[in-house]
Amino acid sequence: MILPDDFPRAIEAFACDLDRTLIGEDAVLRPRTRAAIATARDAGIHVVIVTGRMFRSVLPYVREAGLTDLVVCYQGAVVADPATGEFLR
Numbered sequence: 001m002i003l004p005d006d007f008p009r010a011i012e013a014f015a016c017d018l019d020r021t022l023i024g025e026d027a028v029l030r031p032r033t034r035a036a037i038a039t040a041r042d043a044g045i046h047v048v049i050v051t052g053r054m055f056r057s058v059l060p061y062v063r064e065a066g067l068t069d070l071v072v073c074y075q076g077a078v079v080a081d082p083a084t085g086e087f088l089r
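Position one of the sequence shown corresponds to residue 1 (the numbering used here), numbered consecutively onward.
A portion of the hints provided could be inaccurate.
[Said to hold, decoys possible] Between beta-carbon pairs, the in silico distance windows are:
(1) 48 - 27: 14 to 22 angstroms
(2) 86 - 21: 24 to 32 angstroms
(3) 85 - 10: 26 to 34 angstroms
(4) 2 - 84: 38 to 46 angstroms
(5) 56 - 4: 38 to 46 angstroms
(6) 43 - 21: 17 to 25 angstroms
It should be emphasised that the hints constitute simulated quantities derived from the structure, not laboratory data.
Keep in mind it's a predicted model, so treat the numbers as computed, not measured.
A virtual CB, placed ideally from N, CA and C, is assigned to each residue, including glycine.
All chains should be modelled from the sequences, with the hints used to inform the complete structure.
Pasting the structure below:
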């Protein structure tokens, strides 16, 4: 895709759903997806999972992907720190 010259290119964060976006119907986080997440993180981009799921059900995927950024869960009602388990909102 070709972007217009005035399109913002400085990306600081990428927020993404989990189910049927980062993982398929089989609930597997594919190597290609893990590699894309790692590439974004290596570029200094925060990768934020935003999901309707419960926090505890998101943690295995967050850990598998090596994510350390905050997680938005419970349909947006909770912002949690995956490193500490603390609910910040």
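Results of checking the hints against the structure:
no. : hint                        : result
1   : 48 - 27: 14 to 22 angstroms : holds, 20 angstroms
2   : 86 - 21: 24 to 32 angstroms : holds, 25 angstroms
3   : 85 - 10: 26 to 34 angstroms : holds, 32 angstroms
4   : 2 - 84: 38 to 46 angstroms  : holds, 42 angstroms
5   : 56 - 4: 38 to 46 angstroms  : holds, 42 angstroms
6   : 43 - 21: 17 to 25 angstroms : holds, 20 angstroms
In terms of the numbered hints stated before, the structure departs from none.
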